[in-house]
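Visitor: Required output: the full structure, derived from the provided sequences and hints.
If you want the building blocks of each chain, they are given just below.
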Amino acid sequence: MAEAAAPPLLRLGLVGSPNSGKTTLFNALTGLRAKVGNYPGVTVERREGTARLPGRAVQIIDLPGTYGLEPMSPDEAVVSQVLEGKLADVAPPDALIVTVDACAISRSLGFVAELVNEGLPTCLVLTMTDELHARGGKLDLERLRAALGIPVLSVVGHRGIGLEALRQLLPRPSEWERPPIPPPTDAEERHAWCESVLERVVLRAPGRDPWTERIDRIVLHPLGGSALFIAVMVLFFQLIFAWATPAMDAIDAGMSALAGAVHGTLPAGLLADFVSDGLIAGVGSVVIFLPQIMLLFGLLYLLEDVGYMARAAFVVDRLMARIGLEGRAFVALLSSYACAVPGIMAARTVPSPRHRLVTILVAPLVTCSARLPVYALLIGAFVPATTVWGGLGLQGLVLLGLYVLGGVTALIAASVLSRFVVGHASLPFVLELPPYRVPPFRLWLAQVWSAASAFLRRAGTIILLASIILWGLLTFPRVEAPVGASPTEASRYALEHSAAGSLGRAIEPVIAPLGFDWKIGVGLVASLAAREVIVATLAQVYAASEEDGTSLRKAIREDVDPRTGEKVFTPATVASLLIFFVFALQCTSTLAVMRRETNSWRWPAFAFAYLLGLAYGASFLTYRIVSAFTT
Amino acid sequence: MIDTVLLSQLPVGATAKVIAVDAPGPLGTRLRDLGLHPGTVVHCLRRAPLGDPRIYELRGVQLCLRRSEAGLVRVNTDG
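In the order they appear, the protein sequences are chains D and V. According to our numbering, the first sequence holds residues 39 to 669 in order. According to our numbering, the second sequence holds residues 191 to 269 in order.
Worth flagging that the hints you see were computed from the coordinates, not collected in a lab. As the structure is a prediction and not an experimental result, all values here were calculated from the model. No residue lacks a Cβ here, since even glycine has one placed at the ideal position from N, Cα and C. Careful, some of the hints might be misleading.
Unchecked claim - Here are the simulated distance ranges between beta carbons: (1) V:G241 to D:E213: 50 to 60 Å; (2) V:H233 to D:L357: 25 to 35 Å; (3) D:R242 to V:T205: 31 to 41 Å; (4) V:T194 to D:I268: 55 to 65 Å; (5) V:T194 to D:R197: 22 to 32 Å; (6) V:H233 to D:E233: 12 to 22 Å; (7) D:L340 to V:T205: 29 to 39 Å.
Said to hold, decoys possible - Anything over 10 Å on all C-beta distances counts as not near chain D; from chain V, calculated: (8) D193; (9) A204; (10) T219; (11) P239; (12) D242; (13) I245.
Stated by the list, open to error - Simulated coverage check for chain V against chain D, where a stretch passes if three residues somewhere in it have a Cβ under 8 Å from a Cβ of chain D: (14) 223-236; (15) 251-265.
Guide: Right, dumping it as structure tokens:
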């Protein structure tokens with residue numbers, strides 16, 4: 039029998055409150071093949087996936103979690119806009135799947151009634167019925183179905199219970215039972231209606247989860263809980279800061295070996311340079327982030343799925359509230375000490391888009407590990423290795439001061455941005471404490487992988503492109519060094535005559551008020567790839583051997599301006615350069631990941647501009663003040 | 191004796207019944223969407239180490255609210 043034209047693709051909207059098991063159900067139905075994007079104009083993640091159901095494939099639209107249809111912000115309006123087909127280039131769904139945590143039915147029934155009133159065929163999926171039973175609760179599903187007039191199913195997504203029945207039901211929404219009389223639309227009448235339904239349906243309300251009760255007595259104990267919080271955060275910090283290092287070093291070494299092999303195989307020349315220094319180094323600068331991202335998200339999702347993240351947010355919320363943020367932003371800012379890229383990605387766990395945006399915008403201020411080589415070079419070269427105040431090393435104190443300056447500025451910037459720039463958030467802080475759960479391993483693995491692959495696809499391509507462009511700037515135009523120059527001399531000569539060299543000279547008038555000359559200018563241009571690149575670039579400019587840090591220190595210490603006969607790196611210049619690195623956002627990877635997370639170039643551009651302004655102003659002041667004291 | 195207090199004033203370990211949500215517009219709707227309707231029984235379970243926020247137990251859910259939001263809900267204690 040010849041099949042007629044394929045039936046039009048059926049679109050099912052998946053709606054539910056946060057923590058209602060919506061994501062687990064989405065993954066169980068689509069087999070983790072989600073297409074992730076953003077809704078136009080807002081920073082709300084848009085996830086769609088295909089479910090291969092009996093007879094036909096169905097498109098599942100995972101709508102953002104919400105407690106009701108009346109929005110409190112443009113971001114929350116997405117759900118009702120999609121349902122009513124008011125959002126450009128998002129077709130409205132043909133039917134709705136509503137997920138409700140069986141233990142929370144008493145709270146969620148009003149929302150279900152609201153959704154039924156939207157007029158689309160709707161089915162209700164009760165999740166976590168296993169937890170309901172464990173907590174001694176009992177629901178009469180048949181009465182619930184009769185009262186609502188829509189199909190009601192119980193599904194335990196990660197165990198696959200009830201999933202087959204749902205898969206049988208979903209392909210034919212036109213045949214779903216529809217309510218003969220829709221629930222009342224007036225809020226008060228609807229509430230009364232809900233209460234009367236609940237009276238018939240809830241045979242026994244669930245008690246507390248006994249294990250959660252016991253664990254929380256320790257985890258949320260005023261003293262014990264705080265200690266545990268600090269311990270977990272130290273572990274977290276350690277994990278992404280230190281434990282990722284071996285893997286990152288290995289990637290670094292692997293990429294260098296690969297580049298060396300290319301130089302050995304290809305004839306010396308532009309092609310070999312491009313492949314090794316442009317392409318392989320560019321790929322390396324993307325892959326280098328993977329260990330941190332995988333470790334960060336591995337632990338983040340583990341803590342989230344187990345139920346600890348909500349508790350951590352509860353413990354630290356008071357502190358974060360002072361700067362206009364909330365508890366869940368803490369982890370993102372902490373992660374940024376390792377690197378702003380995973381830090382910005384970790385801001386996904388902050389549900390309020392405004393809080394998320396502020397967190398993303400201040401994350402680059404937190405002292406990331408890429409600044410360390412720059413600080414180490416300048417402090418090592420110019421801060422005397424003496425001790426002050428009874429044994430404290432001066433170099434270490436300066437380093438600590440730079441860390442504190444970055445951290446404190448991040449906090450101030452957060453409170454300023456959340457008040458004036460992003461608009462004062464009127465959204466109430468809402469946090470649910472789910473019972474402790476053993477997370478399904480497959481779901482956890484899929485979440486970590488989805489974070490890593492999203493980074494590679496969406497941010498990695500931009501990072502790769504940017505590093506190739508920077509390679510081009512540092513390489514072209516190619517000017518042959520004078521005959522007889524040593525290799526380091528030749529490389530210095532090539533850099534000086536490259537586009538980056540010209541750029542360094544071109545920006546000299548702009549950076550002169552900060553005490554920087556054109557050589558530092560070249561370093562600043564190159565450091566756009568990653569902050570620590572300035573060290574290698576200065577080494578090249580000064581024709582110092584890179585392996586031996588002391589010769590570069592010596593070179594910059596002794597460099598004299600030929601016009602004035604004075605030292606280039608005066609104390610004022612060094613202080614000014616350090617301050618510049620505390621504030622400036624010289625990192626294309628951070629900009630790329632900001633672009634990916636906010637779905638627009640507007641916010642990375644804003645962050646770059648405000649941090650550059652801050653860096654310029656602070657460096658200028660520092661240069662003036664230190665100059666006044668040292669001359 | 192029945193006392194009407196704000197939910198934010200409810201001591202840890204106490205149980206009360208919601209009288210009214212004193213928030214206009216979408217904020218009031220949100221608090222009701224979270225289950226805070228007149229008649230709802232609320233139990234204050236614990237407070238954060240720094241005093242705020244607190245965890246309330248209502249309608250089968252443990253919900254964490256700051257003082258600013260809990261202060262919009264009037265409750266009756268029967269103590």
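Visitor: Hint compliance check: list the failing hint numbers for this structure, sorted ascending.
Guide: 3, 4, 5, 10, 11, 12 and 13
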